[in-house]
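From first to last, the protein sequence lines stand for chains X and L. Just so it is clear: in the first sequence, position 433 is 433 by the UniProt record's numbering, and no numbers are missing. Just so it is clear: in the second sequence, position 84 is 84 by the UniProt record's numbering, and no numbers are missing.
Don't read these hints as lab results, they were simulated from the structure. Careful: at least some of the hints might be erroneous.
For chains that are exact copies, the list does not tell them apart, and a pair is met inside one copy or across any two.
With a Cα cut of at most 35 angstroms, we get these calculated DSBU-like pairs of lysine-lysine [to be verified]: (1) K403 / K70; (2) K56 / K282; (3) K16 / K77; (4) K126 / K432; (5) K408 / K16; (6) K126 / K402; (7) K17 / K432; (8) K77 / K92; (9) K70 / K199; (10) K402 / K284; (11) K92 / K126; (12) K408 / K77; (13) K316 / K402; (14) K77 / K99; (15) K402 / K17; (16) K47 / K403; (17) K408 / K70.
Each chain, letter by letter, is given below.
2 protein chains.
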Amino acid sequence: MSIPYRIYLDEEQIPKKYYNIRADMPEQHDPLLNPTTDQPATLEDLKPVFCDELAKQELDTTTRYFDIPKPVQEFYKMFRPSPLIRAYNLEKALGTPAKIYYKFEGNNTSGSHKLNSAAAQVHYAKEQGLTSLTTETGAGQWGTALSMACAFYNLDLTVYMVRGSAEQKPYRKSVIETFGADIIPSPSNTTAVGRSILKEHPDTGGSLGCAISEAVETAVNTPNCRYVLGSVLNQVLLHQSIIGLESKAAMDSIDEYPDVVIGCAGGGSNLGGLIAPYMQDKLKERSDVRIVAVEPVSCPSLTRGRYVYDFCDTGKITPLARMYTLGSQFMPSADHAGGLRYHGMSPILSKLYHDGYMEAVSVQQTKVFEAAVLFAKHETILPAPESAHAIRTAIDEAMECKKTGEEKTILFGLTGTGYFDMQAYSSYLAGKMTDYIPSDSDLEAGFNQLPNVESIKSSSSTSVHSMT
Amino acid sequence: MSIPYRIYLDEEQIPKKYYNIRADMPEQHDPLLNPTTDQPATLEDLKPVFCDELAKQELDTTTRYFDIPKPVQEFYKMFRPSPLIRAYNLEKALGTPAKIYYKFEGNNTSGSHKLNSAAAQVHYAKEQGLTSLTTETGAGQWGTALSMACAFYNLDLTVYMVRGSAEQKPYRKSVIETFGADIIPSPSNTTAVGRSILKEHPDTGGSLGCAISEAVETAVNTPNCRYVLGSVLNQVLLHQSIIGLESKAAMDSIDEYPDVVIGCAGGGSNLGGLIAPYMQDKLKERSDVRIVAVEPVSCPSLTRGRYVYDFCDTGKITPLARMYTLGSQFMPSADHAGGLRYHGMSPILSKLYHDGYMEAVSVQQTKVFEAAVLFAKHETILPAPESAHAIRTAIDEAMECKKTGEEKTILFGLTGTGYFDMQAYSSYLAGKMTDYIPSDSDLEAGFNQLPNVESIKSSSSTSVHSMT
């Protein structure tokens with residue numbers, strides 16, 4: 001039997017456990033540090049900010065599998081399993097001998113994979129008896145996903161949305177409001193950190209780091225409230241492992257195994273989830289699959305950042321994480337469309353990259369939209385700009401196969417749909433989109449504001465990959 | 001084994017034939033009339049406007065099944081089968097003993113079921129060697145669907161988009177442009193009929209009937225070009241039968257059969273497709289399933305229209321069809337959000353309704369959006385306003401079951417998603433949405449302009465249902 005276009009697992013094949021990649025990492029990433037003491041953050045340090053269960057997951061380096069709570073399993077059944085799709089028509093259009101597969105996480109109303117972690121996080125919050133949550137959102141997928149989960153579990157939610165995105169995507173805001181959440185463009189006057197940033201940069205379009213600061217400040221000052229985050233954190237990668245586990249089960253069902261796995265990388269939630277079981281194979285030396293992170297040239301944390309301790313937010317109120325970073329004060333150019341605008345990168349992925357288990361490339365957004373339009377015309381799915389970064393690199397890989405004749409099996413993550421990104425598409429179609437490539441001195445300005453962490457300074461270093 | 005939330009057929013179970021309900025109708029609807037002769041339209045009359053194969057399908061009353069061309073079958077595999085979903089969480093929220101299922105056609109980039117017919121129509125156009133097509137679009141789903149199919153088959157496309165919709169949904173326009181089609185707000189200066197309408201009503205928001213006139217005029221004046229339509233026509237209902245056939249196969253697979261099938265009705269494309277196999281059962285007296293059409297109170301063609309011959313377009317250049325109509329000059333109030341704004345109704349459905357095989361109800365749009373928001377919060381899918389008409393009535397049926405204790409099985413069609421309708425959602429959430437109910441004299445004005453068709457006048461009559 002030939003391989004179908006869309007491979008759907010049965011409902012009972014949806015994974016019932018999350019996979020914690022840290023249990024298989026030969027070396028752990030450096031610990032989060034409490035910014036007031038420069039000492040490793042403890043469970044007690046994290047509890048005022050995060051739900052208890054999520055704080056535990058954040059620090060757990062040994063539990064290989066976590067049971068997915070039953071109510072979360074039920075929630076997943078409303079939108080999972082997501083299809084693994086064979087890109088027959090894209091292959092044909094490219095004339096490549098490569099086989100291209102993509103795991104499509106966009107067929108839910110949040111328009112992305114973010115709902116996977118939102119469902120889990122809101123469940124744990126509800127279990128703990130919390131009554132409200134705060135978060136930030138950039139491109140808007142995470143805010144939408146969380147508003148959906150909060151509507152379902154009946155929890156109040158305040159979303160700080162990066163102001164530039166809020167202005168560019170008024171309808172994304174409306175969707176979040178439809179699900180009953182409050183949405184506040186960030187920076188705002190509702191927090192001390194917001195007021196301070198507005199004072200210094202009254203016209204700023206905001207940044208994810210800044211929105212995080214505001215959401216955390218509000219959470220710790222509100223009774224029975226916690227902050228939740230849609231990327232970067234270990235807990236999020238844990239929940240998103242469902243993407244990779246499902247992808248692998250679907251590929252197993254058709255006797256396929258990828259030669260290369262490609263994912264877009266902003267904070268790392270999709271990439272970390274998609275690659276999880278393949279990275280496990282690689283760490284256990286069962287496979288030499290290539291794993292490729294794709295990021296925008298305009299926000300190149302892996303390819304041009306430094307592997308050092310830094311704040312996770314612009315307001316410098318979160319714990320310090322050792323990660324690839326452009327500096328917490330870095331804000332991508334206003335020309336940059338869509339998400340993937342975070343200054344740092346998941347500590348887990350940063351460590352794996354630093355240790356050579358993963359590659360990274362950066363791509364220009366005009367090339368990304370070129371790939372997005374080509375993909376849409378042949379595969380009939382309008383991709384999110386973020387996802388289109390992975391499409392760009394998958395196409396580049398497939399075209400390389402066309403040159404060499406190699407019949408590679410390519411798997412990439414199609415994280416979401418672009419229905420709320422039409423302003424960016426219009427700008428591209430009108431030939432008005434530009435590519436911003438930060439100069440070395442632009443980046444230096446960000447690096448100059450990195451925190452001085454004496455206790456771990458000696459172990460920090462510039463990335464060996466930073467020049468690739 | 002319990003019934004899963006989402007029932008997906010296997011790829012090889014996607015129907016390979018369309019079902020033509022006319023082959024089983026005890027009486028045929030009255031024939032289309034050539035407006036210049038008042039005589040039944042012949043194949044030769046239709047060929048200048050429609051592709052040859054589609055013109056044939058339009059007139060065929062005896063062929064029960066049409067093979068779906070192989071390339072169209074392949075195209076379908078990119079987005080079909082669509083899921084049949086058990087609304088477990090909506091049932092729970094309502095506390096109803098009813099079982100609610102919905103066939104979800106919105107998980108493709110057109111955001112609706114319209115892609116089913118677009119794929120077929122563009123295939124036939126390509127086979128015939130045509131180089132371009134024209135069409136109209138109201139809410140935008142049809143225009144998007146057709147632009148997707150034209151991009152795939154590499155045919156030029158001009159879309160006349162109802163001006164009010166184009167202004168309310170600028171991003172819908174961008175999506176259509178992303179797939180390479182030209183889009184022109186209607187009425188426009190590009191056609192004689194458009195110029196004439198603009199002269200009389202310079203500020204009009206346009207109507208579907210008017211956009212049809214413009215698209216037809218352009219098609220017949222352009223070499224190697226034809227007009228295609230996304231609803232109303234018999235050929236469209238034929239293609240859309242895939243919705244019903246797939247729904248029935250999925251319900252069969254879990255040993256279910258609906259007591260009531262509910263679909264929203266504008267021109268009838270979704271409703272006619274969804275109900276096709278159930279209507280067959282009913283016509284053959286194998287089932288007494290109830291079939292319910294839901295329309296807006298602001299555009300009540302079935303519930304308050306007349307069953308007479310009328311033009312299919314505002315410009316009066318198309319054939320005359322006997323159907324439930326508000327008069328081809330009827331334009332729904334500007335307050336009316338979304339689609340379902342056509343003045344008439346599929347001749348097939350009109351006949352079935354007239355002969356008592358089908359019920360019809362009309363619903364207010366504020367009640368429709370109330371249902372849409374409730375549905376979104378519990379089922380995690382943001383419905384299109386059009387689809388939410390069916391949700392409203394399904395909820396009403398389920399609540400009736402709650403009163404009576406009946407464990408009915410309800411099936412409704414969720415035709416699409418509402419990502420491009422956020423302006424309407426925002427208006428609803430802000431309490432600014434109003435309900436427009438046309439007065440009898442409003443409707444009388446439309447009826448007064450009905451054509452005087454001497455040859456068939458005696459057989460036309462006011463609907464026996466028009467007062468229900």
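Against the structure, the hints:
| no. | hint | result |
| --- | --- | --- |
| 1 | K403 / K70 | between (49 angstroms within a copy, 31 angstroms between copies) |
| 2 | K56 / K282 | within (26 angstroms within a copy, 59 angstroms between copies) |
| 3 | K16 / K77 | both (11 angstroms within a copy, 29 angstroms between copies) |
| 4 | K126 / K432 | between (46 angstroms within a copy, 33 angstroms between copies) |
| 5 | K408 / K16 | both (31 angstroms within a copy, 33 angstroms between copies) |
| 6 | K126 / K402 | between (51 angstroms within a copy, 29 angstroms between copies) |
| 7 | K17 / K432 | neither (46 angstroms within a copy, 46 angstroms between copies) |
| 8 | K77 / K92 | both (33 angstroms within a copy, 15 angstroms between copies) |
| 9 | K70 / K199 | neither (47 angstroms within a copy, 63 angstroms between copies) |
| 10 | K402 / K284 | within (31 angstroms within a copy, 56 angstroms between copies) |
| 11 | K92 / K126 | between (48 angstroms within a copy, 19 angstroms between copies) |
| 12 | K408 / K77 | both (33 angstroms within a copy, 23 angstroms between copies) |
| 13 | K316 / K402 | neither (48 angstroms within a copy, 54 angstroms between copies) |
| 14 | K77 / K99 | both (29 angstroms within a copy, 17 angstroms between copies) |
| 15 | K402 / K17 | neither (39 angstroms within a copy, 37 angstroms between copies) |
| 16 | K47 / K403 | neither (54 angstroms within a copy, 47 angstroms between copies) |
| 17 | K408 / K70 | between (38 angstroms within a copy, 28 angstroms between copies) |
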